[in-house]
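Undergrad: Assemble chain B onto chain A, guided by the hints.
For the protein sequence lines, the chains are A and B, in the order given.
Residues 0 to 220 in numbering that gives the first Met the number 0 are what the first sequence spells out, letter by letter.
Residues 0 to 220 in numbering that gives the first Met the number 0 are what the second sequence spells out, letter by letter.
Calculated from the structure, these hints are not laboratory results.
Built from N, CA and C at the ideal position, the CB exists for glycine as well.
Don't take each hint at face value.
As the list claims (entries may be wrong) - Cross-link-like lysine-lysine pairs, in silico, DSSO-like; alpha carbons within 30 Å at most: (1) B:K152 / B:K105; (2) A:K105 / A:K152; (3) B:K105 / B:K120; (4) A:K152 / A:K120; (5) B:K105 / A:K120; (6) A:K120 / A:K105; (7) B:K63 / B:K105; (8) A:K120 / A:K63; (9) B:K63 / B:K152; (10) B:K120 / A:K152; (11) A:K120 / B:K63; (12) B:K152 / A:K152.
Stated by the list, open to error - Short, incomplete list of chain B residues facing chain A, as computed with Cβ under 10 Å: (13) P99; (14) L114; (15) I156; (16) D207.
Unchecked claim - Some chain B residues well away from chain A (every beta-carbon gap over 12 Å; in silico): (17) R6; (18) L24; (19) R62; (20) Q69; (21) A77; (22) V78; (23) L102; (24) E129; (25) M136; (26) V163; (27) V196; (28) Y205.
2 protein chains.
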Amino acid sequence: MTGNGRRVTVLISGTGRSLENLIALRDAGELNCDFARVVSSRAGVRGLTVAEEAGIPTTVVARKEHFGTQVFSEALTAVVMADRPDWIVMAGFLSLWLLPESLLGKVINIHPSLLPLFGGKGFYGHHVHEAVIASGMRISGCTVHFVDTRYDKGPIIHQRCCPVFPADTPDDLASRVFGEECRALPEALRWCLDGEVALGEGRVLYSDRLLRPSGQAEDEG
Amino acid sequence: MTGNGRRVTVLISGTGRSLENLIALRDAGELNCDFARVVSSRAGVRGLTVAEEAGIPTTVVARKEHFGTQVFSEALTAVVMADRPDWIVMAGFLSLWLLPESLLGKVINIHPSLLPLFGGKGFYGHHVHEAVIASGMRISGCTVHFVDTRYDKGPIIHQRCCPVFPADTPDDLASRVFGEECRALPEALRWCLDGEVALGEGRVLYSDRLLRPSGQAEDEG
Chain A
0 MTGNGRRVTV
10 LISGTGRSLE
20 NLIALRDAGE
30 LNCDFARVVS
40 SRAGVRGLTV
50 AEEAGIPTTV
60 VARKEHFGTQ
70 VFSEALTAVV
80 MADRPDWIVM
90 AGFLSLWLLP
100 ESLLGKVINI
110 HPSLLPLFGG
120 KGFYGHHVHE
130 AVIASGMRIS
140 GCTVHFVDTR
150 YDKGPIIHQR
160 CCPVFPADTP
170 DDLASRVFGE
180 ECRALPEALR
190 WCLDGEVALG
200 EGRVLYSDRL
210 LRPSGQAEDE
220 G
Chain B
0 MTGNGRRVTV
10 LISGTGRSLE
20 NLIALRDAGE
30 LNCDFARVVS
40 SRAGVRGLTV
50 AEEAGIPTTV
60 VARKEHFGTQ
70 VFSEALTAVV
80 MADRPDWIVM
90 AGFLSLWLLP
100 ESLLGKVINI
110 HPSLLPLFGG
120 KGFYGHHVHE
130 AVIASGMRIS
140 GCTVHFVDTR
150 YDKGPIIHQR
160 CCPVFPADTP
170 DDLASRVFGE
180 ECRALPEALR
190 WCLDGEVALG
200 EGRVLYSDRL
210 LRPSGQAEDE
220 G
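Next comes chain A alone, as it looks inside the complex (with noise of 0.2 Å):
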């Protein structure tokens, strides 16, 4: 697979489980592009070695080592925009990045709740599951997102469901999330890639396709 020649740079800060999942479906031939970089935040976490078994060029940019959230931006830009890529994923990367005008409506992000629930500074991992489980919410699931400068505020491309069940968990719920980030961050990267969604202004502009999708998309909600 050489993908149609779009380059996907995917930042992230841990196991790098989505990353694994967007390299399985890629190599399936179910997501067309190339990966152009994976930028960690964090040093020496497996999803690095994810990457690098699949072959793709890895940076590290720790956030801990750059002062400030103003620095650390500006050195992953650096990084990022080196490569051109067409598209940048936030799969699991849990720093604030200030990114350039120039990239805005081109980096997406998936959240592991329904945002705006859920979301915002605090919000990551296990916490969020521990938050839905104390709200008594009986629906939980996941959300992809346009970024802007703020956490887990901009506009929605995606989002898909699942119960909370009344003895999960944390690690039970957030198991079943992650199987809903598993479907819906490759779906909404696929459209990204397909020109079937944009950012327009604040708002996300959606293909005559994807305005009102038939029975099939019924299922893919």
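TA: Then chain B, alone, in the frame of chain A:
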């Protein structure tokens, strides 16, 4: 069908479409209860005709003929209590009812959003769906919850979700959510009738069976 002796009072304010669904399921043997009475907070609404045609006693406690929430609530409580129902279902009931302590844990409500999103004063009917569409969320749904004396705030018993399509009008979304309501409300009412849920100290207690449903219930979620 005479039911198993559990008697349910249904509170409505309008068309009675949820009531119609409950009656149809009762008639089909899928909901094992009797309807003690239908009480409407508005005179002349279609839901009263639905009840009458099903042979269910009706009473109007018109919100606008009672001065203030307290006086209205006392009148409604008197009508409801006279029948000594086992359960009280708000199915499109739009008035605030300051229910007596003795009824806490016996009254359930269905709301056409994933609470706590899009609930509270002013969020009823098309206002809910307009707000969901304006938010850009791609998932909505419905919530069944125990009623306390605040709008849409009691502990959540059950939720179901559905997609929001980018081109949805509020009516499109209302129809899709109503499809979920027609499953969620009978499911939750069945749990109530069967003693599988109860209101504990401000939270919902579930039977062992419901705590972590197996495969079949994944579909119910």
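Undergrad: Starting from the hint list further up, note which numbers the structure goes against and sort them upward.
TA: 5, 11, 13, 25, 26, 27, 28
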